[in-house]
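If you read the protein sequences in the order shown, they are chains A and B. In terms of the numbering used here, the first sequence has 158 at position 158, counting the first letter as 1, and numbering is strictly consecutive. In terms of the numbering used here, the second sequence has 1050 at position 50, counting the first letter as 1, and numbering is strictly consecutive.
Just to be clear, a hint being listed does not mean it is correct.
Claimed, not checked - PhoX-like cross-link-like pairs, simulated, lysine-lysine; straight-line CA separation at most 20 Å:
| hint | chain 1 | residue 1 | chain 2 | residue 2 |
| --- | --- | --- | --- | --- |
| 1 | A | Lys-754 | B | Lys-1269 |
| 2 | A | Lys-374 | A | Lys-288 |
| 3 | A | Lys-50 | A | Lys-70 |
| 4 | B | Lys-1040 | B | Lys-1002 |
| 5 | A | Lys-61 | A | Lys-164 |
| 6 | A | Lys-61 | B | Lys-1002 |
Stated by the list, open to error - If the Cβ cut is set under 7 Å, some of the chain A residues that face chain B in the computed set are:
| hint | residue |
| --- | --- |
| 7 | Glu-626 |
| 8 | Asn-679 |
| 9 | Asp-684 |
Said to hold, decoys possible - Pair ranges (Cβ atoms, derived):
| hint | chain 1 | residue 1 | chain 2 | residue 2 | range |
| --- | --- | --- | --- | --- | --- |
| 10 | B | Glu-1005 | A | Asp-122 | 34 to 42 Å |
| 11 | A | Leu-683 | B | Leu-1147 | 28 to 36 Å |
| 12 | B | Gln-1104 | A | Thr-3 | 55 to 63 Å |
| 13 | A | Asp-131 | B | Pro-1162 | 48 to 56 Å |
| 14 | B | Ala-1221 | A | Glu-626 | 18 to 26 Å |
| 15 | A | Ser-271 | B | Ala-1232 | 41 to 49 Å |
| 16 | B | Glu-1005 | A | Glu-198 | 37 to 45 Å |
| 17 | A | Lys-61 | B | Glu-1005 | 17 to 25 Å |
| 18 | B | Glu-1045 | A | Met-748 | 15 to 23 Å |
Derived by calculation from the structure, the hints in this document are not laboratory data. Quantities reported herein were computed from a predicted structural model and do not represent experimental measurements. For every residue, glycine included, the Cβ atom is placed at its ideal position computed from N, Cα and C.
Single-letter residue listing:
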Amino acid sequence: MSTCIIGKGLPRVDAVPKVTGAAQYTVDLKMPGLLVGKILRSPHAHARIKSIDTSAAEQLKGVLAVITAKDVPDGLFSFYQWLADKNILCGETVRYIGDEVAAVAAVDDDTAEEAVSLIKVDYELLPAVFDVHAALEPGAPLVHDDKESNSTWSVERLFGDPDKALAECDFVVEGTYVTHAQAHTCLETSNCIAKWDEKDRLTIWTNAQAPHTQRQEVARILGIPRRNVRVINSYMGGGFGSKLVMDVKLPIASVLSRLTGRPVRIVNTRSEEFTTGKTRYPYTMSLKTGAMKDGRIVVRDLTVIGDAGAYHDKGPATINFSSMMFGTLYDVPNIRFQAQMVYTNKEMGTAFRGFGNPQLTFATESQLDELAHKMGIDPLDLRLRNSNCSMGTTSCGAEICGCAMTECMEAASEAIEWSQKKARPSDGTLRGVGLANMVHTGGGGRFYGYNSAEAFIKLSDEGTVTLITSALDMGQGSHTTMAQIAAEELGVSLSDINVLSHDTELTPYDLGSWGSRATFMDGNAVQAAARDARAALAEAAAEMLEADPADIVIEESKVWVKGSSEKHDLFEIVDHAVNAHGIPISGTGQFVDKLPEGYTIPTAFAKNIPCFSFGTQAVEVEVDPETGQVRVLRVVAAHETGTTINQTMSEGQIEGSIAQGIGFALMERLVRQEGKVQNDRFLDYKIPNIGDMPEIETILVESVGTKGPFGAKGIGEPGLVPTAPAIANAVFDAIGVRFHELPITRDMVLEALKETR
Amino acid sequence: MKPFEYKRPSSLEEACTMLAAQDGRVKALAGGTDLLVQMKQGGLELDALVSLRDVPGLDALHLEEDGSLIMGSATPLGAIENSPDVRRAFPGIAEAASFVGSMQVRSRATVGGNLCNAAPSADTAPILIACGSTAVITDGQADRTVLLEDFFSGPGQTVLGPGELLRAIVVPPVPETGFAKYCKSFRSAMDCCTVGVAVYSDFVPGSAVVRDLRLALGAVAPTPIRARAAEAMLVGQELDEALTDRASLEAVADALPISDLRASAAYRKVLVEVLSRRALTAARAWAERGAVA
Ligand SMILES: Cc1cc2nc3c(=O)[nH]c(=O)nc-3n(C[C@H](O)[C@H](O)[C@H](O)COP(=O)(O)OP(=O)(O)OC[C@H]3O[C@@H](n4cnc5c(N)ncnc54)[C@H](O)[C@@H]3O)c2cc1C
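So that you can see chain B by itself, here it is in the shape it has in the complex (with noise of 0.2 Å):
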C-alpha cells in the first residue's frame, strides 16, 4: 500500500472542503472495511483518507415523529440490526443489516460506506430503494435530495460530486398495512450476494390487494434496481399465485444480469425469479394472515 495522508475533521464543512481537494484521489473513510480491502488488494491508490469519525451526528438514528427512520450515514449496519426501534417499525431493514459479512464486520461496516462503495450487491441498498429512502446529500453548507433508487449511477459511481457526503438515509414511514422484506441469495453469513430481491408492499385493508408496491433486484444490473414492469403488473390486483409467479417472470425481464465466478448470467435469472416469488408470496402470506389491519 502507498503512503496516504490521514485526515480527522471534526466538521462537515471542514470534511467537504478536504474532499474537495487533491484531484479526487482522496476519500471519505467511515468502517474501511469496502475501502481499506480495495487499497490493501485492489491497487486503489490515493493522497488522503478522510475520516467521518469525529464529524458529529453522522452515526444518528431514530425515528422521527412522523415514523419516518432518519440513519445517519456512518451508523454502523449492527447498530442497525440491533436497533429495538428499527426492529419494530422497519424489521425488513433490520434484517437486511443483519445479513452483511459477519458480526465483526456489521460492527465497522456503516450503512453509508454500502450504499456510496455502490457495489450493485450491496445488501442494504434493494431495501432501502423498495422501502422508497431518500438520500440526504451535503457538500459542508447546504442539503439536496435524491430518491435513493437514482442515488446510483453505475458500479462503484454514484450521483455524488467532489467536496460532497452522504449525510443521512431517509425512510419514509411504513403504514400498518405495509410489509417489507429483502431476500438474499445465498449465504446468511460472509457472502457477497448473488441476487438480492427485496418487495415493499402497501395492501388495501383487510385484504391482498396491492396498493402500493416496489420491488428491488440487487446483483443483477450495473446499480440496483427496480422492476417496473412487475411492480406495473401488481399494482391493483389482489395478489395471488398466479399473479405471484407471472409478475416474478416479469422480474427477470427487468434484470441485466452478468455472469461472474459466483454465478452464470443465466443462473442469475432464475434466482431472480426464485427470490421474488419468495418475497412476493412472503408478502402475499402476511396480508392473508391479517396483519393488515
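Just chain A, with the same shape it has in the complex (with noise of 0.2 Å):
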C-alpha cells in the first residue's frame, strides 16, 4: 500500500520541548506545600529489627512526619499478589542492604535527610546468603524464613523426548554461562509525588511505564478502592522495565501525604537508584544441544538458576517467558527447560529490556558457535539450516507468522562481509567478526489471560486531532509512532496530532509499555480509532457536499468528493459539521488479541506471543592482546519491523538497544561486597559512551503476515537481545579463546591470553 506517513524518518513529536527544556519531568512539578520525602534504608543484609526510634527525628524543626511499619498497612505486595512477599517498610525483618525500614517527610532535603539520619534503629543481624548455589545449599540461611527453601519459583517445559535425542544425535556441546545484574541506569531516577483531595481521593504523579496497573498496585497494597487512585505521567527518562512494577515509595509517599495534608516527592538519589532500583536477573546457565551430521538441531536441554534478590518481583514472570524463547528461537523437535529463581539477600531483579531473553540468548547462541565448531560448519551456515520460517507452528506451539529470520541472517552477514571473514588483512592486530540470531515477541503477551487496547480519537472545531491512547512514551518515542498511525489513517498530516497518554483518568484500560508491546497492541487500537473517526468524518462531508460517503477522499487534511478538483480545508470541514450542523465527529477504537483455541495460562506456554520478531547482529572487534581490551568495530543489525512505522526511531530503538547489549557484554555488572554494592555511582559503574560506541549499521528488514497496524511489529527490545552473544562469538573468532561468563572484561581476556600462550 501507498503511504504518505509511515516509515517515514519524521521528527519526534516531543523534540522541540525536550531539547528547549520545556517538558516537566516529575522533579519539575511544582505544588503548594510540596513536602519532600526520604527513605531510611536498612544498612544490613540480612537482619531483625529490635526497635525503632523516631524520636529525635520527630523533633526536628522542619519535619512534619516519620512512619514505620506500624503507620502503613502491613499487607504484603507483589507483582503477582499471590506471590506476595514484600512489605511496605519492613516491620520484623530487613533482607537486604537499601531494604526500606523507615520514611520522613519534611520542609526540605537537608532537613529530610537529617532526619533519616537521627532514626535510631536497633538491628540483630543474621546469617545472610549472596549466591544462589550456596542458598540451595541444605541449611542455607533462609531469606525469608516462612518459606521451606530460597528456591521461589521454578518452571519445567518438556517438549518430545530430550534424553533419547541426546544419546541419539551426532553432536552434543556443553557447557555453563552465567551473566550478572546489570543496571538499567535510566537518566531520570525513579520517583513520585503523592497528594489527597478533599475527597478522599488519591493522585500519584510518577514516571511509569504501566500507571493502570500500578494505580490497581497502589490501590491493593494501601487497601483503598482502585476508583480513589489516579496516576498521572510526567515526561519520562528512560524506563526499560525498571518502572513496570510499583515501587513501595508509591505507597510510602502516599502514607506521608496522608499523615501531614501535603503533596510529598520522594526521588532516588543516583546511588538510591543503583543500589535498590532493581536490576536485570543473574543466571546461570547449563546447557546442552544436539545435532546431527547435517546440521539439524534436535534437541536442546537447559538449567537455569536465576538469582532473584530479596524478593519475587518479576522473577517468576522473566523465568517464564525465557522458556518461551527457548523453544522459539529455532525449530527443534526436542526442548527441555528447567529453572528456578533463588532468594538471596541482595537488591531484587526486575523487568529489563529483553525480560531474561539477552540472558538465555548469550548462552544458546554462545553454544550454537561451538557446535559449529565442533562439526566444523560454518556458524552462519549452521544457523540457515536451521532457520525458522513463516506459518509454521514449532514443536513447543509457537505460531510463527511473518518470519523474517533467513532474510535477517542473510542481509546482516552480507553487509559484514561474513564470507570474506577468513580472509581479513592481519596486521598484527587481532580482529574477529561473528553473529548471533535472536527471536522476542513483537508485540506483548498475554500472560494476564488476555491482552487488548483501546484508544480514543476526537476532531475539533479549533482544528486540532486529539488522540487518546495509553501508549505513553518513556523516551522511545511511541507519541510519534501513534501520531503517524493516527494521521496515516484519518488522512491529516502528523502536526494536527495531540496525543495525551498520561492520565488514567482519561485514558483506557491497558497493561502498559513493555514486551515491545505498544506499537502492536495500541498501535492497532489508533488505527481502529481512526479509522471510526474517519468514518465519521467522511459521512459528515457526504452530507455537507452531498455526495456518497463512499466518495469521499481524505489526505493530507483535505477533502474532496472523488473525481471533483474541488478540495475543501480538513478542519473547515469539521467546523462547519460541528458548529453548522451539530455533528460531533470522533472515533474509538479497540484491539483484542485473540487468545488462541484451547488457551489456558498455565498451558499457553510460547502461545502466549502473539507476534514473533526476529533478527541477526553481525559484529566485528578487535582485541588489544596487550591490555585485554575488547573495542567493537562495528555492528550491523537486522532485525524485522514487519513494516516501519517511523524509520528514524526504529534506528533510534535498535542503537539504544546496542549500546545496552554492549553495557551487558563487556562492562556492565554491579559489584558486591557481602551484599554491599561497590559501584553505585557512573564514576565505577561504567555504561558505554559515545567513544565506546562502534559504528552501527541497522538494517530494517519489511516482513508480511502480522497483524500489527499497518503490519508493524515492536522493536523496544529486540536489538539487545543478540549482541553479548554476537560480540563474545567475534571475540573466540579473534582470539580463539571461548567465554561463558559475562561481562567478558580486560582481565578476563588478558588471563585467558595469558593461558594460551
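Build the complex: two chains, separate frames, hints provided.
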C-alpha cells in the first residue's frame, strides 16, 4: 500500500519541548506545600529489627511526619499478588542492604536527610546468603524464614524426548554460562509525588511504564478502592523495565501525604537507584545442544538458576518468558527447560529490556558457535540450516507468522562481508567477526490471560485531532508512532495530532508499555479509532458536499469528492459539521488480541506471544592482546519491523539497545561485597559512552503476515537480545578463547590469553 | 548538603586571608567539578567556599619569551586544550587536557583544581611532572615555588598550607629536540584513569639517544610519581626496542598500585608496562622520524 506518513523518519512530536527544556519531569513539578520524603534503608543484608526510635527525628524542626511499619498497611506486595512477599516498610526483618525501614516527610532535602539520620534502629544481625548456589545448600540461611527453602519458583517445560535425542544425535556440546546484575541506568531516577484531595482521592504523579496496573497495585497495597487512585505520568527519562512494577516509594509517599495533608515527593538518588532500583536477573545456565551430521539441531536441554534477590517482583514472569523464547528461536523438536528462581539477600531483579532473553540468548547463541566449531560447519551456515520460517508452528506450539529470520541472517552477513572473514588482513591486531540470532515478542503477551488495547480520537472545530491512547512515551517515541498511525489512517498531517497518554482518568485501561507491545497493541487500537473517526468524518463531509460517503477522499488534511477538483480544508469541514450542523466527529477503537483455541494460562507457553520478531546481529571486534581491551568496531543489526512506522526511531531503538547490549557484554556489572553494592555511581559503574560505540548499520527488514497496525511489530527490545553472544562469538573468532561469563572484562581476556600462550 | 557561606574575594590577598580563617573548614572553589561532587555525595562538610572567579590573573595562559608556558591555576582545561600556543609548543599537554571528562566538564574544570584536588589519577599531573613543571604558590603576599613532582603529599593532599593558594603552573620550554606525551587508559572520554603514563624525552640531535628523560606515572601510588629507576636506565642510552621493553618493565617496579573497582593491582602493573612501552615507543618513533633537528 502507498503511505504518506508511515515509514518516514519524521521528527519526534516531543523533540522541541525536550530540547528546549520545556518538558516537565516529576522533579520539575511545583505544588503548594510540597514536602520532601526520604527513606531510611537497611544497612544490613539480613537482620531482625529489635526496636526503632524515631523521637529525635520527630523533634527536628521542619519534620512533619516520621513513619515506620506500624504506620503503613501491613499487607505484603508483589507483582503477582499470590506471591506477595514484600512489606511497604519492614517491620520485623530486613532482607537486603537498601530495604525500606522508615520514612520521613520534611520541608526540604537537608531537613529530611538529617531526620533520616536521626532515626535509631536496633538490629540483630542474621546470617545472610548472597550466592544462589550457597542459597540452595541444605541448611542455608532462609531469606524468608516462613518459606521452606530459598528456591522460590520453578518451571519445567518438556517437548519431545530430549534424553533419547541426546543419546541418538551425532554431536553434543555442553557448557555453563553465567551473567550478572545489570542496572537500567535511566537518566531520570525513579520518583513520585503523592497527594490526597478533599474527597479522599489519591493522585500520584510518577514515571510509570504501566500507570493503570500501578494504579491497581497502589490501591491493592493501601487497601483502598481503585477508583480512588489516579496516576498521572510526567515526561519520562527512560524506563527499560525498571518502572513497570510499582515501587514501594509510591505507597510510602501516599502514607506520608495522608498524615501531613500535603503533597510529598520522593526521588531516588543515583546511589539509591543503583542499589535499590532493581536489576536484570543474573542467570546461571547449564545448556546442552545436540545436532545431527547434516546440521539439524535436534535437542536443546537447559537448566537455569536465576538470582531473584530478596523478593519476587518480576522473577517468575521473567523465567517463564525465557522458557518461551528458548523453545522458539529455532524449531528444535526436543526441548527441555528447567528453571528455578532463588532468593538471596540482595537487591531484587525486575523487568529489563529483553526480559530474561538476553541472558538466555547469550547461552544458546554462544553454544551454537561452539557446536559449529565442533562440527566444522560455518556458524552462519549452521544457523541458516536451522532457520525458522513463516507460518509454521514449532514443536513447542509457537505460531510463527511473518518471519524473516533467513532474510535477517542474509542481510547482516552480507553487510559484514561474512564470506570474506577468513581472508581478513592480519596486521598484527586481533580482529574477529561473530554473529547471533534472536527471537523476541513483537507485541507483548497474553500472560494476563488477555491482551487488549483501546484508543479514542476526537476532531475539534479549532483544528486539532486529539488522540487519547495508553501508549505512553518513556523516551522510546511512541507518541510519534501513534500520531503517525492516526495521521495516516485519518488523512491528516502529523502536526495536526495532539497525543494524550499521561492520565489514568483520561486513558483507557491498558497493561502498559513493555514487551515491545505498544506499537503492536496500542497501535492497532489507534488505527481502529482513526478508521472509526474517518468514517464519521466521511459521513459528515458527504452530507455537506452532497455526495456518497464512499466517494469522499481524505488526504493530507484535505477533503474532496472523488473526481471533483474542488478540495476542502479538512478542519473547515469539521468546523462546519460541528458548528453549523451539530455533528460530533470522533472515533473509538479497540484491539483484542484473540486467544488461540484451548488457551489456558498454565499451558499456553509460547502461545502467549501474539507475534514474534526475529533478527540477526553481526559484529566485528578488535582485541588488544596487551591490555585485554575488546573494542567493538562495527555492528550490523538486521531486525524485523514487519512494516517500519518510523525509520529514524526504529533505528534509534536498535542503536540504544546495542549500547545496552555492549554494556551487558563488556562492562556492566553491579559489584557487591557481602551484599553491599560497591559501584553505586557512574564513576565506577561504566556504561558505554559515545567513544565506546561502534559504527552501527541497522537494516530494517520488512515482512508480511503480522497483524500489527499497517503490519508493524515492536522493536523496543530485540536489539539488545543478540548483541552479547555476537560479541562473544567475535571475540572467539579473534583470539580463539570462548567466554562463558559476562561481562567479558579486560582482565578476563588478559588472563585467558596468558593461558593460551 | 549542609549550608555554607559563599565568598567572592576580588584579590589574591583577600582570598588567602579568607582561606586562612575558619579552622580549615574552608576551601577554594575553582570550577567546582571535584569540590561540589565531594560536598554533595562524598560527605565533605565545609563552613565556607572561597570562589576564585573574581581574583584577577588566575586564568592567565601565555608563552613567555623564553618559550616557557604560564598557566594560571584557574585556567579551564578546555582553554588549555584549545589554545593554539599550547597545541603548537606543548602538544602533549593540550592532548592530556583533552582527555579529562567531557567537553562540558573541561569548560569548567581548571588545571589548578585538577592538581590541588590531588587525586592520584589526576590526568594533568603526569604530563606536567614529566615536563618538569613548577608550582607557584602564594600566601597573598609573596610567592614560593616547588617542583610539581614535590607538590603532592598523599591522596587528596598537597604541600599547600592554610591560607595558601596555587597561583600558577610554569612549564619550562621544550627544546626542539624534546618530545612529551601522555598515555591514558582507558576511555577517551568520561573515565577516571586506571593508569596514566607520561614521558618527556630530549634526544641528542639526529639520533634516538636520550639526553634527558622523565617518566611519570598516575594512579599507581598515593601520589603521581616518577619512575626513577626506569629513567636511570634510559638516560644516555639509545632508545631501541629492547631498551624500551626493559625500561617499561622497570617502571612496574616503581609503581605501588592498589586494587580498587577500576582494576586490580596486578592488572595495573600490566598497564604500567604496556603504557610505558607505548609512551616510549612513541618517543622513539618521533626521534627516528627525524623530528629531532
Ligand atoms: C563528570 C566528571 C568527569 C571527570 N573526569 C576527569 C578525568 O577524566 N580526569 C581527571 O583528572 N579528572 C576528572 N574529573 C575531576 C575534575 O573535573 C578535575 O579534577 C578538575 O580539573 C578539577 O578542577 P575544578 O576547577 O573543577 O576544581 P574544584 O572542584 O573547584 O577544586 C578541586 C580542589 O582543588 C582546590 N583548589 C582549586 N583551585 C585551587 C587553587 N588555585 N589553590 C588551592 N586550591 C585550589 C579546591 O579547594 C578543591 O579542594 C571529572 C569530574 C567530573 C565531575
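For each hint, the structure was consulted:
About 15 Å separates the Cα atoms of Lys-754 of chain A and Lys-1269 of chain B, which keeps this hinted pair within 20 Å; it holds. For a cut-off of 20 Å, the pair hint linking Lys-374 of chain A to Lys-288 of chain A stands: about 13 Å separates their Cα positions. Under the criterion of a C-alpha separation no larger than 20 Å, the hint pairing Lys-50 of chain A with Lys-70 of chain A is consistent with the structure, at around 14 Å. A threshold of 20 Å between alpha carbons decides the hint, and for Lys-1040 of chain B with Lys-1002 of chain B the separation of about 9 Å falls inside it, so the pair holds.
Between Lys-61 of chain A and Lys-164 of chain A the alpha-carbon distance is near 73 Å, which puts this suggested pair outside the 20 Å criterion. Taking the CA atoms of Lys-61 of chain A and Lys-1002 of chain B, the gap is about 15 Å. The hint holds against a cut of 20 Å. For the restraint placing Glu-626 of chain A at the interface with chain B, the shortest Cβ-Cβ distance is roughly 5 Å, inside the 7 Å limit, so the hint holds. Below 7 Å, beta-carbon pairs count as interface contacts, and Asn-679 of chain A has one with chain B at about 5 Å; its hint therefore holds.
Contact between Asp-684 of chain A and chain B, as hinted, is supported at the beta carbon level, the nearest pair being about 5 Å apart and thus within 7 Å. In this structure the supplied range 34 to 42 Å holds for Glu-1005 of chain B paired with Asp-122 of chain A, their Cβ-Cβ distance being about 38 Å. Evaluation of the 28 to 36 Å hint for Leu-683 of chain A and Leu-1147 of chain B yields a pass: the beta carbon distance comes to about 30 Å. At roughly 41 Å, the beta-carbon separation of Gln-1104 of chain B and Thr-3 of chain A lies outside the given 55 to 63 Å, and the hint is violated.
Here the CB-CB span from Asp-131 of chain A to Pro-1162 of chain B is close to 50 Å, well matched to the stated 48 to 56 Å. Between Ala-1221 of chain B and Glu-626 of chain A the C-beta distance comes to about 22 Å, which sits within the given range of 18 to 26 Å. A hinted range of 41 to 49 Å for the beta carbons of Ser-271 of chain A and Ala-1232 of chain B is consistent with their spacing of about 46 Å. Between Glu-1005 of chain B and Glu-198 of chain A, the C-beta spacing of about 43 Å keeps the proposed range 37 to 45 Å intact.
Between Lys-61 of chain A and Glu-1005 of chain B the CB atoms are about 21 Å apart, so this pair conforms to the stated range of 17 to 25 Å. The supplied range of 15 to 23 Å is broken by Glu-1045 of chain B and Met-748 of chain A, whose beta-carbon atoms lie about 40 Å from each other.
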